[in-house]
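Residue numbers (the UniProt record's numbering), protein chains in the order written: chain C, 1 to 286; chain A, 1 to 241.
Since the hints were made in silico from the structure, they are not lab data. Be a bit skeptical, because a hint or two may be false.
To be verified - Across the chosen pairs, the derived CB separations fall in these ranges:
#1 MET70(C) - GLU2(A): 47 to 53 Å
#2 GLY240(A) - GLY24(C): 19 to 25 Å
#3 GLU230(A) - LYS263(C): 41 to 47 Å
#4 SER5(A) - ASP123(C): 44 to 50 Å
#5 GLY14(C) - LEU108(A): 41 to 47 Å
#6 GLU281(C) - GLU7(A): 34 to 40 Å
#7 GLU54(A) - ASN68(C): 47 to 53 Å
#8 ASP89(A) - MET70(C): 42 to 48 Å
#9 GLU94(A) - VAL254(C): 36 to 42 Å
Unchecked claim - Chain A is nowhere near these chain C residues, computed Cβ spacing over 10 Å in every case:
#10 VAL39
#11 ALA43
#12 GLY167
#13 SER227
#14 ASP274
What the hints assert, rightly or not - DSSO-like, lysine-lysine: derived pairs with alpha carbons at most 27 Å apart:
#15 LYS9(C) - LYS244(C)
#16 LYS31(A) - LYS9(C)
#17 LYS233(A) - LYS188(A)
#18 LYS31(A) - LYS272(C)
#19 LYS233(A) - LYS218(A)
#20 LYS74(C) - LYS9(C)
Beta carbons: idealized from backbone N, C-alpha and C, even for Gly.
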Amino acid sequence: MKGLSVGEKLFIEGGIAQDLRTDGRRRLTYRPISVETDVISQANGSARVRMGGTEVIATVKAELGRPNAMQPDKGKVSIFVDCSPTAEPTFEGRGGEELATELSVSLERCLLGGKSGAGAGIDLSSLIVVEGKLCWDLYIEGLVVSSDGNLLDALGAAIKAALSNTGIPKVNVSAEASANEQPEVDVSDEEFLQFDTSGVPVIVTLTKVGRHYIVDATLEEESQMSSAISISVNRHCHVCGLTKRGGAGVDPSVILDMISVGKHVSEQLLNKLDSEIAAAEADEEE
Amino acid sequence: MEFVSPEGLRLDGRRPMEMRQIRAEIGAVSKADGSALFEMGNTKVLAAVYGPREVQNRSQQMSNQALVRCEYTMANFSTGDRMRKPKGDRRSTEISLVIRQTMEECILTHLMPRSQIDIFVQVLQADGGTRSACINAATLALADAGIPMRDIVTSCSAGYLNSTPLLDLNYVEDSAGGPDVTVGFLPKLDKVTLLQMDSKLPVDIFENVMQLAIEGCKAVANYIREVMLESTKKLEYCRGA
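Given the sequences, and given the hints that come with them, work out the whole structure.
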């Protein structure tokens, strides 16, 4: 992040204190979001999300694999994020790896639930083909193309859009094989099953600058943050995951306050995102 | 395998001398100084240029010319099957080098001493001809960043399969094992800056194939000029001139 002068820092902080940020937004307003689906034709599902100067691409690829022995009735989902040097010259070489790992882990925590898969936004049992033998492995890949703050929310939104764009090929298990043999399958390339993405949460990051907190911080605002809390909330207003970043300590009562504000904001974001995804999909069909 | 049908059509329905559809968009990354998206059929490449700016690593600073750097990265989802390759494998390093040398040649580096220009190309979808697409995208991004250049460099590939010269190979044709000639061309100066070929080819046929690739480069150059003109007009309009 390029250095800010003392004046600029005061301007950002003062603006936030007065509920009028440098780009004219209020504390709890998002930048305009635009969603485009099916941008990568090789993937089963993909989406590009733009939030102001931030741009991310998420893709979903499905591969047939074996379910985990501990959970024979569940498929597997993993999330990888990559930071392209096009977004920031410092991401060159291995420079983006640290941020990429931080983002992937936060996303997994916010979207995939616990180790057992309980509380996951994606219904893992819907990925099973033959119990204990065959399941779909979903590989979700995010790519940060342009970065202007709030990458986590943008990636969360892109993954949600990509999942609703995903078609999993229908699998016909031909003959019933014996207990320890791998069953033979016929993957259809015409029939696709859609996912139920209504349970996939959205991520809202509240960034604390000074005594106030804001949503959808830009890169300049993020450089002034003391701490940030990312909350993932689903359609039923349940908190699905939570990450706190930044070193500064926060009073527990403030955290609870932030969570309730986050829940409120997430409702608006969810509605906005759903309508954007629907519009993008309608666009694509035309 | 038959790559050209008796009717003279290729696997994707093109004629031998036909290019894939190309599309370019300037200003795809808002934070960069210059950026462009370039598509050749299913191949999709994003380029971003940062600079000219202060040299990051002092020891690399040159007092008589600008330092040009380039990095080529492929997105994990860009190929057909999923891959997780470590960064900086040999192929990427080689392509980074090729792009850097090609672009360095056309940038007027002596005008910007003690500064650095970074070119980052990111492959979003790979379907053959990524090298060419990267060079075309980089040219557009450099032009968008307002970096002084001798000429625009454009690139296109051509191959030779089933005794027919083919323009702009896609992935299937590229991996067929035939020769693949990639040409980088300066259309105004009428000069070839990049020439690569794998596999072998008789000299007289090579001449035809190279000529075909050059024709492809010229076609790309015309399109790139159109896109740049349009973007300049837009800028002029924004200024209220």
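Comparing the hints with the structure gives:
1. About 50 Å separates the C-beta atoms of MET70(C) and GLU2(A), a value consistent with the hinted range of 47 to 53 Å.
2. Restraint check, GLY240(A) to GLY24(C): a C-beta distance of roughly 22 Å satisfies the suggested window 19 to 25 Å.
3. As the Cβ distance of GLU230(A) to LYS263(C) is approximately 46 Å, the hint placing it in 41 to 47 Å holds.
4. Against the hinted window of 44 to 50 Å, the Cβ-Cβ separation of SER5(A) and ASP123(C) comes to about 46 Å, which satisfies the hint.
5. Distance hint check for GLY14(C) and LEU108(A): the Cβ-Cβ separation is about 44 Å, which falls inside the suggested range of 41 to 47 Å.
6. The given range of 34 to 40 Å is respected by GLU281(C) and GLU7(A), whose C-beta atoms sit roughly 37 Å from each other.
7. Evaluation of the 47 to 53 Å hint for GLU54(A) and ASN68(C) yields a pass: the beta carbon distance comes to about 51 Å.
8. Checked against the hint of 42 to 48 Å, the C-beta distance between ASP89(A) and MET70(C) comes to roughly 34 Å, which is inconsistent with it.
9. For the pair GLU94(A) and VAL254(C), the beta carbons lie near 53 Å from each other, so the given range of 36 to 42 Å is not met.
10. Annotated as non-interface, VAL39(C) brings its C-beta within 10 Å of a C-beta of chain A; the closest such distance is 8 Å.
11. With a least beta-carbon separation of about 5 Å from chain A, ALA43(C) fails to lie farther than 10 Å from that chain, contradicting its non-interface assignment.
12. At roughly 16 Å, the least C-beta separation between GLY167(C) and chain A is larger than 10 Å, which holds for a residue marked as non-interface.
13. In this structure SER227(C) is separated from chain A by more than 10 Å, as the shortest Cβ-Cβ distance comes to about 25 Å.
14. No Cβ of chain A comes within 10 Å of the Cβ of ASP274(C); the nearest lies about 24 Å off, and the non-interface call holds.
15. As the CA atoms of LYS9(C) and LYS244(C) are separated by approximately 23 Å, the hinted pair is consistent with the 27 Å bound.
16. Between the alpha carbons of LYS31(A) and LYS9(C) the distance comes to roughly 20 Å, so the proposed pair stays at or under 27 Å and holds.
17. The hinted pair formed by LYS233(A) and LYS188(A) meets the criterion: a straight-line CA distance of about 22 Å does not exceed 27 Å.
18. For the hint linking LYS31(A) to LYS272(C), the alpha-carbon distance of about 25 Å falls within 27 Å, and the restraint holds.
19. Distance hint between LYS233(A) and LYS218(A) is fulfilled; the C-alpha atoms sit about 22 Å from each other, no more than 27 Å.
20. With a C-alpha separation of about 49 Å, the suggested pairing of LYS74(C) with LYS9(C) is violated against the 27 Å cut-off.
Comparing the model with each earlier hint shows violations of hints 8, 9, 10, 11 and 20; every other hint is respected.
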